[in-house]
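Input sequences plus hints: build the corresponding full structure.
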Amino acid sequence: MFRKPPEAPDAVLVEVEGRPVRVPPGASAAAAALIAGLASTRTSPVTGEPRAPYCMMGVCFECLLVIDDEPSQQGCMVTVRPGMRIRRQEGAREL
Amino acid sequence: MIREADAIVVGGGLHGCSAALQLALRGLRVVVLERRHVGRHASGINAGGVRTLGRDLAEVPLSVLGMAYWHRLSELVGDDGGFTPCGQVKVAETHDELAGLEKRALAVRSLGMEHERVIDGDELRRRVPAIASHCVGAMVVDGDGAADPYRATSAFAARARSAGAQILEGEGVVGLERQPGGWLVVGERGRYRAPVVVNAAGAWAGRMASLAGDEFPLKTRASMMLVTERMPPFVEPVVGSVGRALSFKQSSAGTVIIGGGQQGRADLDREQAWVNVANLARSARAAAALFPVIRQARIVRSWCGIEAETPDRIPIIDHSPRAPGIVHVFGFSGHGFQLGPVCGVAVADLVTRGSTTLPIAPFSARRFAAAAKAA
Amino acid sequence: MSDRPFDLVVIGGGPAGLAAASQARQLGLSVALVDEQPAPGGQIYRAVERAEAEGRATALGEDYRHGLGLVRAFHECGATLFASHQAWQVEPGGRVFATDGKASRLIEGRRVLVAVGAIERPVPIRGWTLPGVMSVGAAQILHKTIGLVPDAGVWIAGSGPLTLHFAAEIVAAGGRIAGILDTAHGRLPETALRHLGGVVRGWRYVARGLGYLARLRMADVRRVSGVENVEALGEGRVERVRWRSGGQWQEAPASGLLLHEGVVPNTHMTMAIGCAHDWDEAQKCFRPRTDRFGMTDVEAILVAGDCGSIGGARVAECRGRLAALGAAASLGVISAAERDRLAGPVEAEVSAHGALRGFLDDLYAPAAELCVPPDDVMVCRCEGITAGRIREAASLGCRGPNQVKSFTRCGMGPCQGRMCGPTVTATLAAALGMTPQEVGAFRIRPPLKPLRLGELAALADAEAGE
Ligand SMILES: Cc1cc2nc3c(=O)[nH]c(=O)nc-3n(C[C@H](O)[C@H](O)[C@H](O)COP(=O)(O)OP(=O)(O)OC[C@H]3O[C@@H](n4cnc5c(N)ncnc54)[C@H](O)[C@@H]3O)c2cc1C
Ligand SMILES: Cc1cc2nc3c(=O)[nH]c(=O)nc-3n(C[C@H](O)[C@H](O)[C@H](O)COP(=O)(O)OP(=O)(O)OC[C@H]3O[C@@H](n4cnc5c(N)ncnc54)[C@H](O)[C@@H]3O)c2cc1C
Ligand code: FES
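Residue numbers (the numbering used here), protein chains in the order written: chain A, 1 to 95; chain B, 1 to 375; chain C, 1 to 466.
Calculated directly from the structure, the hints in this document are not laboratory data. Treat the hints loosely; a few may be bogus.
Unchecked claim - Computed beta-carbon distance windows for the label pairs:
| no. | chain 1 | residue 1 | chain 2 | residue 2 | range |
| --- | --- | --- | --- | --- | --- |
| 1 | C | 432 | B | 129 | 44 to 50 Å |
| 2 | B | 175 | C | 80 | 42 to 48 Å |
| 3 | B | 129 | C | 297 | 46 to 52 Å |
| 4 | C | 197 | A | 85 | 56 to 62 Å |
| 5 | C | 55 | B | 269 | 58 to 64 Å |
| 6 | C | 235 | B | 94 | 54 to 60 Å |
Using N, Cα and C, we set each Cβ at its ideal position, and we do this for glycine too.
Put into structure tokens, the structure is as follows:
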């Protein structure tokens, strides 16, 4: 749904669902997931439906991701760092 | 117009609704006056712990009898109120604490009751695998458990209604006038008259008592709770602690509900309570100490509920010492949810027969007479 | 764990907070500014410094670049900035708890200014939980922060100035908008006539709006007006969008759908603090009760900008300055007379920039079906609660949002009722024949954002000497 951004010389290399992705500096982890083309970024722990970022400003909590192995992080509020590992969150978080 | 009834209950918490149900079942015309809505205060928002374990020895006999009602809640009110007999566990972190539990179990046994049992560290870990490794044992009660406080209170209200009680929500009591043969109860919206008034006004019961001419040395508790996001199931029973103010349980939705009595700030006039972060942090610290796995769990919300506390932290369940026709049931001091169903029976006995065979002698209203006079 | 107490702690670094901080520093107050974003700017001037450095700011418009001046003045004013810090609790008396995502700290202020801005009004339609459905604001954030633009097949549905502004911005940046489904039901000529005075005084803003329209027409962006009943359809992702206009159902393929129905004050913080709030019928939202300087009814707590009342960026800036004057006067740093003298010209500016507000509120008032959706529409996204369940709770005796919450779990999820609160209030009010003021809002309790338990515990570890 979004056009691939032109590759910036200072792009940040992160890992989304195990695949390397280069994203513009200043991108949020949720933005990285969108750039990586994930169809959805989590499933609802209540209904099991797929969900994806909705507001990008910290309001809706649809962007919960597992970032560097820690679940339930608000992906739109976390800025990418080189080497960051971003994974979908399936249902209720892990312990 | 004055509405006439056989009994008026002030307060639509669990205690008010339970008393109303029992009175209605005995054929009385009952009116419950609730200033906000049923379950608005302590009864709707408490930790839901249904616990005989570790209670004040004076409360143990009534509490143990009360357990039977929880196990048969569906028969009584047509809904199980979310009750599950998942057990309660009180954890000892040191051998001294464990020895204290052994002593306590003996004391309870000497009253002729066998429900509390002490288990060692291995059995504790079998029952609660996520418990911190340093814990050395615990006391358990298997038939104890937890319920959904709002659902249980609503179920009592619904059943009381179907038995004929009228529950008027949004009606606050502002005055009591003694009249020949009973009381005129003045509400914000209407007036009511009955020979008997039950004071089940929770945190505001002291004010209610004052209207009837009784003074009790009460304090207000503002206990805080916090709840996490949904987690995979990892703990079955409700877990408390000897050395820390903690109650810890996982709901059926997967959220973890943490309480234990850390105090916020109450405002009786505004009918609100405010969380105090420094104290809330102590609850979180206690939880994290016993369950290291939840350090990363996200707290979604905290809240605070208000309740009356007596000097000896056990309730008042009795006729008024000086105002005939007034029956008090309040001052549960942080643990009255479990007692709700059985207290309804005790109160109905007091109203209809003047006395009860249930073990409520320790909860006499007269025990504070001296203190009240001095105050 | 505590930093030294500041005279003023400002929460939120948008135009309101930035202007307040600079003004307060000018008056000699010590100031801390806390913002959860990595850089100051707020919603409208989000990432303005980055965009400028990357040469993208000019394309984002003169209005956007106005923010650069504000941000630069702030950097020079000598306030302490706590960037990437989310305030999750404010206690009366001025204790602000904030987390940087790893640890929490206590920042104490003798006065606290809440300037946390607006949030987009939730748009509960069929299919709004499907991946690929986002808010217009979300897409704009992606554009402002990293220059991401929508590609083929992305629709916009909704109303309000932001939809046009954003579409024009995207077209100018070379992105694609499949079409705009305009749900505004206020009729432009009649509404303009009703607010003629404001429209005339606010002509600059009107001219800008007309400019957006012209740009969209030139780029051949399809615009459908009088749209109702927008729905997102698809398996696991939005694939088609469906709507009704002129009594006809229509459908089109979609790779994305962006929704927007205006913004409402972000009142979670002032509600949690316990400030009194009133229902604003014109803007269809709750807002904190304040005096002209943003003082709330809770001691030491002030409010400025869109979280007090939606007024737009320039008004927010002025309100920030007024609040700084109010704070300084209440601290005895300036006299009441001095405060009033300085406030005069700022208040004149407020009324100039706010001239168009009544017109906009009227023209873009959200449609009834969006405030009070049909039974099958999901209202609480976190807990999966539909409008029907809320009505059912009402029919079973629930008289307010908090009862509905206890009854259904609606509002209990991680978003803490932000996405469903307005809808729950409106749906209950309609079902019970009461006003929103009577029905009330969810009680908000800390933490304002989900907080790691260990992080809260650490505040007590410090106390226990660990
Ligand atoms: C956070 C918290 C956790 C707790 N956890 C547990 C637990 O795990 N296990 C346990 O056993 N107990 C627990 N408790 C205690 C338990 O909740 C209470 O003891 C019990 O709910 C008291 O019930 P009640 O009906 O007396 O009071 P309430 O439920 O407070 O009801 C009193 C009602 O009276 C109404 N009222 C007051 N004044 C007036 C008036 N003038 N006119 C009309 N109506 C009036 C109020 O609006 C209120 O609804 C906890 C309490 C709190 C606050
Ligand atoms: C998504 C969105 C996009 C918008 N785009 C435009 C636009 O392009 N043009 C336009 O004219 N208007 C736009 N608006 C309207 C805009 O809100 C106002 O014009 C203006 O930004 C209001 O300024 P403010 O200072 O009141 O709040 P904001 O600019 O919103 O600033 C509030 C700040 O508070 C911070 N904050 C919020 N909660 C916390 C917390 N708990 N802890 C710490 N910090 C916190 C936020 O990060 C933000 O930086 C937009 C609004 C939204 C919601
Ligand atoms: S996308 Fe809404 S909170 Fe992150």
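Results for each hint:
1. C/432 with B/129: 44 to 50 Å: holds (47 Å)
2. B/175 with C/80: 42 to 48 Å: violated (55 Å)
3. B/129 with C/297: 46 to 52 Å: holds (50 Å)
4. C/197 with A/85: 56 to 62 Å: holds (58 Å)
5. C/55 with B/269: 58 to 64 Å: The hinted range 58 to 64 Å holds for residue 55 of chain C and residue 269 of chain B, with Cβ atoms some 59 Å apart.
6. C/235 with B/94: 54 to 60 Å: holds (58 Å)
Of the hints listed earlier, the one the structure fails to meet is number 2.
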